[in-house]
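Undergrad: Given next are the chains, with one letter for each unit.
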Amino acid sequence: MKSSHALKLVMASILGMGASAVIDGAMAGTSSCTESGCTVYPILFPPISGPGEGGGGGGGGWGGGDGSSNPRDEYSKMVWCADAPVQTWDEHGCDLYHPPELEVNGCGTAGGVPVPDFLVAPGGLQAGAAAFGKVFKEACDVHDRCYGTHASDKHQCDERLREDMISQAQDKLGGAFPVFGAFVVGQATAYARFLQWEWIEPWTSQPAYDRSQIDAACRASSKSFKDYCDHIGFGA
Amino acid sequence: MKLTWKLGLAVSILICGGGLLLLASNATDHGAEEDMPGRGIQALNPFGNVLAEMKNDREREALDAMQKPPTKREIAVHEAFAGDPRLIALSIEEAAWLDRHHYPKAADLTEAESIDPRHLAGTRDPRLMAIAGTAFMKHGMNFRAMSSHLGAGTHGALYSYQQGAIAERALYEERFGPTDADTAGVLRARLEVAFVLGDHTTQYLLDTSMADVDAMASPRHVQSQAREFLRSIAEDARLQGLPPPTVDPRPNAAQWKDLYRLSRSGAAGDLVTVYERE
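So the sequence lines, in the order shown, correspond to chains A and B. Take 1 as the starting number for the first sequence in my numbering and just add one per residue. Take 237 as the starting number for the second sequence in my numbering and just add one per residue.
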């Protein structure tokens with residue numbers, strides 16, 4: 001720990017931080033949780049007890065901001081900031097200093113199976129369809145971004161994918177759309193239905209969405225953590 | 237013994253003869269230098285003539301590649317930066333580079349103001365795709381603007397690819413709220429692709445409309461995402477039977493650097509020669 005940080009830590013723990021006011025000010029704008037709570041994927045919370053303090057728990061946490069934080073919790077947070085970036089893993093396995101990055105990579109894979117971002121057509125039409133290139137690439141990129149947005153609605157993301165795929169193909173195919181339109185609509189609908197089909201969703205798109213949401217929550221937590229540490233003068 | 241004596245004589249004649257020859261050639265050189273006073277300067281830049289010849293050749297080739305020769309005129313630096321400097325050429329060679337990478341002309345952008353972009357659906361001409369993208373953007377259809385512009389990028393249209401990033405930003409802000417670090421990484425990677433493929437004037441966007449994006453982006457994220465975008469462009473080009481876009485540096489990087497400096501300083505009234513494409 002740096003000596004200047006140690007000094008701040010000591011001062012803060014003596015003063016009890018004026019805690020909740022500072023925390024609320026720093027965190028209010030960064031937490032994505034609403035009044036209804038972080039029901040599906042809450043912002044990840046670091047353990048309340050600081051290093052060397054066993055047990056503990058309850059209240060506080062990054063993104064709490066409920067005004068009920070006690071000075072010992074704030075002390076724990078400050079220890080975290082002061083020790084960063086050496087010890088910045090929260091109890092959910094989120095590396096607060098190096099959160100997973102958002103990856104935008106087209107239609108990608110579903111359970112290891114590549115998903116084409118070009119138009120698929122039967123038999124002899126396939127060569128002509130593929131020659132239009134990656135007609136669904138941008139639609140899938142936006143879908144990736146949607147899954148990777150904290151607290152996004154999965155159903156809405158999947159339905160938007162269908163709309164985007166059709167409108168993108170209309171622009172790219174132009175005069176050829178009457179020929180290939182049925183395949184475009186079929187492929188777009190198949191992707192959207194496949195992602196939401198209740199029989200397979202738990203094994204295909206749901207885990208992908210869950211993973212993206214956990215990553216997004218980690219990024220949100222990381223931002224809260226860094227903002228908080230910057231605010232109290234422990235910025236890395 | 238006789239043989240050794242003759243051999244010694246032959247060797248000494250050879251050595252002395254060589255020395256005399258060297259002296260003679262030096263004397264000739266000195267004489268020549270007195271005749272040509274510029275030769276000393278040329279010695280400092282021995283390839284000056286060759287470089288000038290190469291430049292002339294390149295300009296001749298550039299002119300041949302263009303349908304119409306560009307018009308030369310002088311404008312103030314602040315005028316250049318009042319519009320979009322990415323569309324300005326500082327030499328004939330650069331004007332040909334802009335043509336080669338399907339940069340829109342002033343007339344194209346004026347046209348984009350008034351057309352219905354849906355009429356351009358299905359076009360495979362990157363210049364028309366850029367016009368369609370601009371028109372979609374004007375109509376607030378951000379997804380379609382992004383798709384058209386990034387699609388043109390597959391054909392090597394670097395301006396379009398950068399405009400695609402601007403449309404993508406508008407789309408993300410419309411759907412997912414204000415630009416955050418996640419979006420910033422993706423957008424910065426898009427600009428990095430244009431930069432890597434040769435357009436150094438991407439810096440203009442990083443200085444202006446994308447300045448906050450640049451500040452928020454994480455280098456690691458940008459690197460991995462830019463690599464993915466480059467891979468994807470190449471794959472898309474192959475599917476369409478096009479040559480994948482390759483690195484083709486835009487000429488006049490050093491001059492542009494000076495211009496940026498001038499535009500930021502108080503000397504933005506200085507004149508600069510530009511070449512406008514017809």
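Everything labelled a hint here was simulated from the structure, so no lab data went into it. Every residue gets a Cβ at the ideal spot worked out from N, C-alpha and C, and that includes glycine. Misleading hints may appear alongside valid ones.
Taking CB as the label site, the calculated pair distances span [said to hold, decoys possible]: (1) B/E514 with A/E201: 56 to 62 Å; (2) A/V185 with B/R467: 24 to 30 Å; (3) B/R456 with A/E201: 28 to 34 Å; (4) B/I351 with A/P178: 20 to 26 Å; (5) A/G124 with B/L345: 37 to 43 Å; (6) B/D361 with A/D230: 46 to 52 Å; (7) A/V113 with B/R456: 24 to 30 Å; (8) A/W203 with B/H375: 49 to 55 Å.
For the chain A half of the interface with chain B, some residues (derived, Cβ under 10 Å), not all of them [stated by the list, open to error]: (9) V185; (10) R193; (11) R211.
Undergrad: Evaluate the given range 46 to 52 Å for the C-beta pair formed by B/D361 and A/D230.
TA: Holds, at about 49 Å.
Undergrad: Hint validation: A/R193 versus chain B, beta carbon distance must be below 10 Å. Holds or violated?
TA: Violated, about 21 Å.
Undergrad: A closest beta-carbon separation below 10 Å is what the hint needs, so does A/V185 meet it against chain B?
TA: Status violated, d = 16 Å.
Undergrad: So does A/V113 sit 24 to 30 Å from B/R456, Cβ to Cβ?
TA: holds, 28 Å
Undergrad: Is the distance from the Cβ of B/R456 to the Cβ of A/E201 consistent with 28 to 34 Å?
TA: holds, 32 Å
Undergrad: I want to verify a distance hint. Is the separation of the beta carbons of A/V185 and B/R467 within 24 to 30 Å?
TA: The hint (24 to 30 Å, Cβ to Cβ) holds, given that A/V185 and B/R467 are roughly 29 Å apart.
Undergrad: Given the range 56 to 62 Å, decide if the beta-carbon distance of B/E514 to A/E201 lies inside it.
TA: holds, 57 Å
Undergrad: Do the beta carbons of A/G124 and B/L345 sit within 37 to 43 Å of each other?
TA: At roughly 41 Å between Cβ atoms, B/L345 and A/G124 fall inside 37 to 43 Å, so the hint holds.
Undergrad: Given a hint of 20 to 26 Å, does the C-beta separation of B/I351 and A/P178 actually sit inside it?
TA: Once the Cβ atoms are compared, 22 Å apart, the range 20 to 26 Å for A/P178 and B/I351 holds.
Undergrad: Is 49 to 55 Å right for how far apart the beta carbons of A/W203 and B/H375 are?
TA: violated, 41 Å
Undergrad: With a cut-off of 10 Å, does the beta carbon of A/R211 approach a beta carbon of chain B closely enough for the hint to hold?
TA: Because about 15 Å separates A/R211 from the closest Cβ in chain B, which is outside the 10 Å limit, the hint is violated.
The structure fails to meet hints 8, 9, 10, 11 from the earlier list, while all remaining hints are met.
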